[in-house]
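**Q** Protein sequence lines, in the order shown, are assigned to chains A and B.
Residue 82 in UniProt numbering sits at position 82 of the first sequence; the count goes up by one each step and never skips.
Residue 19 in UniProt numbering sits at position 19 of the second sequence; the count goes up by one each step and never skips.
If you're looking for bench data, these hints aren't it; they were derived computationally from the structure.
Be careful, since some hints might not be right.
Stated by the list, open to error - Covered by chain B, per the in silico footprint, the following chain A stretches (three or more residues, Cβ under 8 Å): (1) 20-30; (2) 113-125.
Unchecked claim - Here are the computed lysine-lysine pairs in the DSS-like style, where the Cα-Cα straight-line distance is at most 27 Å: (3) LYS121/B <-> LYS105/B; (4) LYS105/B <-> LYS121/A; (5) LYS121/A <-> LYS105/A; (6) LYS105/B <-> LYS105/A; (7) LYS196/B <-> LYS105/A; (8) LYS105/B <-> LYS196/B; (9) LYS105/A <-> LYS196/A.
Said to hold, decoys possible - Pairwise CB distance ranges, derived in the manner of DEER restraints: (10) VAL217/A <-> THR219/B: 45 to 53 Å; (11) ALA2/B <-> ASP76/A: 29 to 37 Å; (12) GLN200/A <-> GLY131/B: 45 to 53 Å; (13) LEU137/A <-> ALA43/B: 40 to 48 Å; (14) ASP76/B <-> ASP57/A: 30 to 38 Å.
Keep in mind the model is a prediction, meaning the values are calculated, not measured.
All residues carry an ideal CB built from backbone N, CA and C; glycine is no exception.
Here are the chains, one letter per residue:
Number of protein chains: 2
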Amino acid sequence: MATLYHHPLCPHSRFVRLILAEHAIETTLIEERAAERRREFLALDPAGRTPVLVDDDGTVVSGAMVIAEYLEETADPELNRLRLLPQTPRERAETRRLTEWFNLKFYEEVTNWLVTEKVYKRFLAPEIGGGAPDMDLLRVARANIRPHMRYIGYLTGARNWLAGETLSLADFAAAAHLSCADYLGDVPWDEYETVKHWYQRIKSRPAFRPLLSDRAVGTTPAACYADLDF
Amino acid sequence: MATLYHHPLCPHSRFVRLILAEHAIETTLIEERAAERRREFLALDPAGRTPVLVDDDGTVVSGAMVIAEYLEETADPELNRLRLLPQTPRERAETRRLTEWFNLKFYEEVTNWLVTEKVYKRFLAPEIGGGAPDMDLLRVARANIRPHMRYIGYLTGARNWLAGETLSLADFAAAAHLSCADYLGDVPWDEYETVKHWYQRIKSRPAFRPLLSDRAVGTTPAACYADLDF
Numbered sequence: 001m002a003t004l005y006h007h008p009l010c011p012h013s014r015f016v017r018l019i020l021a022e023h024a025i026e027t028t029l030i031e032e033r034a035a036e037r038r039r040e041f042l043a044l045d046p047a048g049r050t051p052v053l054v055d056d057d058g059t060v061v062s063g064a065m066v067i068a069e070y071l072e073e074t075a076d077p078e079l080n081r082l083r084l085l086p087q088t089p090r091e092r093a094e095t096r097r098l099t100e101w102f103n104l105k106f107y108e109e110v111t112n113w114l115v116t117e118k119v120y121k122r123f124l125a126p127e128i129g130g131g132a133p134d135m136d137l138l139r140v141a142r143a144n145i146r147p148h149m150r151y152i153g154y155l156t157g158a159r160n161w162l163a164g165e166t167l168s169l170a171d172f173a174a175a176a177h178l179s180c181a182d183y184l185g186d187v188p189w190d191e192y193e194t195v196k197h198w199y200q201r202i203k204s205r206p207a208f209r210p211l212l213s214d215r216a217v218g219t220t221p222a223a224c225y226a227d228l229d230f
Numbered sequence: 001m002a003t004l005y006h007h008p009l010c011p012h013s014r015f016v017r018l019i020l021a022e023h024a025i026e027t028t029l030i031e032e033r034a035a036e037r038r039r040e041f042l043a044l045d046p047a048g049r050t051p052v053l054v055d056d057d058g059t060v061v062s063g064a065m066v067i068a069e070y071l072e073e074t075a076d077p078e079l080n081r082l083r084l085l086p087q088t089p090r091e092r093a094e095t096r097r098l099t100e101w102f103n104l105k106f107y108e109e110v111t112n113w114l115v116t117e118k119v120y121k122r123f124l125a126p127e128i129g130g131g132a133p134d135m136d137l138l139r140v141a142r143a144n145i146r147p148h149m150r151y152i153g154y155l156t157g158a159r160n161w162l163a164g165e166t167l168s169l170a171d172f173a174a175a176a177h178l179s180c181a182d183y184l185g186d187v188p189w190d191e192y193e194t195v196k197h198w199y200q201r202i203k204s205r206p207a208f209r210p211l212l213s214d215r216a217v218g219t220t221p222a223a224c225y226a227d228l229d230f
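Pulled out of the complex, with its shape left as it was, chain A reads as follows:
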């Protein structure tokens, strides 16, 4: 069985867990606090970032998008399973652009601040950055999420799913990041009805269930986090 080194509130790990679940690939989960820079973890991935997948043949694949591409390439074609990258190069480029949008831009502007300040810092020693959350950074993240909500609303208003007519990696990237912000109570759902409807559709998928029952040590999820009718 494959192994995934992850953190429950690492949005990139959640992105990969959603893809694995959609493909019905069972995985052993190992929780990793990347900031502690554990020697054995750095030996697997010198960049020292979650997620890292160790496939059952020992292949080490690290980085959210690298793992996503690897899973697309290695999934058994006989299974005629869901494809999360569409067929044409143009559609694939749009899917990758939006996947990167969430995994890089949304992360830099929103989830990195929320998760680092509210979760990671609580468990780090002060000499490696631990401490109380910086409220100014949280305010910036909560302001930054709004243009992203508008953009998701614009896309899902014009298309069936984020990158086009079919469900794709882009939807899972967006949902993974939003689910972290949602766990922490930082998504202004009521102001963005179209986004809420799109998120309800993806949140109802069986692949989402394990994320909804996740509990990060010492952090209680927001009241409606696991509610499908929030």
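Based on these hints, arrange chain B on the given structure of chain A.
**A** Leaving out everything else, chain B in the frame of chain A:
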């Protein structure tokens, strides 16, 4: 003919220019100062980052790795050209991991500081971040480049090229970022002989020539920048 929106000292643009040149795809280059957030450029790519490729059928592809994947997928298979992503999923994962290493990690730790402080800030209005370079940030970037040089040295000591036995996207990503640092005189070549030998091999390729004759307005390249025997 395809069009590439780029900046001469944007390392991600250089990465794409190298790939286009290796594939002998002629492109019209349009210089873009992304920080100015020109309306027509944002309409092409809402993330507002170089590079953006507009293919000759009008397909807009934005982001360095997204363009690289698109070029791999669309290049004419009849031409039996150089493949910059290897054949097996395991090798492809290693190539993508290292490409991302340079395009994200090296960029965050080295090239972003060097190019922003030494080049971009000179041409920006003060109200959008223009001004004199911050010498502390430059010192940090010059310290940060050293572990990367050791890592490139380790990889090229153990393998023929960065990601394995064949030339790949990873080599062009590393070379693109190093070429920006080299233009600005910030690569300590003399301390890393193995890296220098690898860089000499890639710098000698015809695809590299246009980069070596590049001149960014107001910034003169370091003395040995265009010298193949530096």
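**Q** Now tell me, hint by hint, if it's right for this structure.
**A** How the hints compare with the structure:
{"no.": "1", "hint": "20-30", "result": "violated (count 0)"}
{"no.": "2", "hint": "113-125", "result": "violated (count 0)"}
{"no.": "3", "hint": "LYS121/B <-> LYS105/B", "result": "holds (21 Å)"}
{"no.": "4", "hint": "LYS105/B <-> LYS121/A", "result": "holds (21 Å)"}
{"no.": "5", "hint": "LYS121/A <-> LYS105/A", "result": "holds (21 Å)"}
{"no.": "6", "hint": "LYS105/B <-> LYS105/A", "result": "holds (15 Å)"}
{"no.": "7", "hint": "LYS196/B <-> LYS105/A", "result": "violated (34 Å)"}
{"no.": "8", "hint": "LYS105/B <-> LYS196/B", "result": "holds (21 Å)"}
{"no.": "9", "hint": "LYS105/A <-> LYS196/A", "result": "holds (21 Å)"}
{"no.": "10", "hint": "VAL217/A <-> THR219/B: 45 to 53 Å", "result": "holds (50 Å)"}
{"no.": "11", "hint": "ALA2/B <-> ASP76/A: 29 to 37 Å", "result": "holds (36 Å)"}
{"no.": "12", "hint": "GLN200/A <-> GLY131/B: 45 to 53 Å", "result": "holds (47 Å)"}
{"no.": "13", "hint": "LEU137/A <-> ALA43/B: 40 to 48 Å", "result": "violated (31 Å)"}
{"no.": "14", "hint": "ASP76/B <-> ASP57/A: 30 to 38 Å", "result": "holds (33 Å)"}
Violated hints, listed in ascending order, are 1, 2, 7, 13; each of the other numbered hints is respected by the structure.
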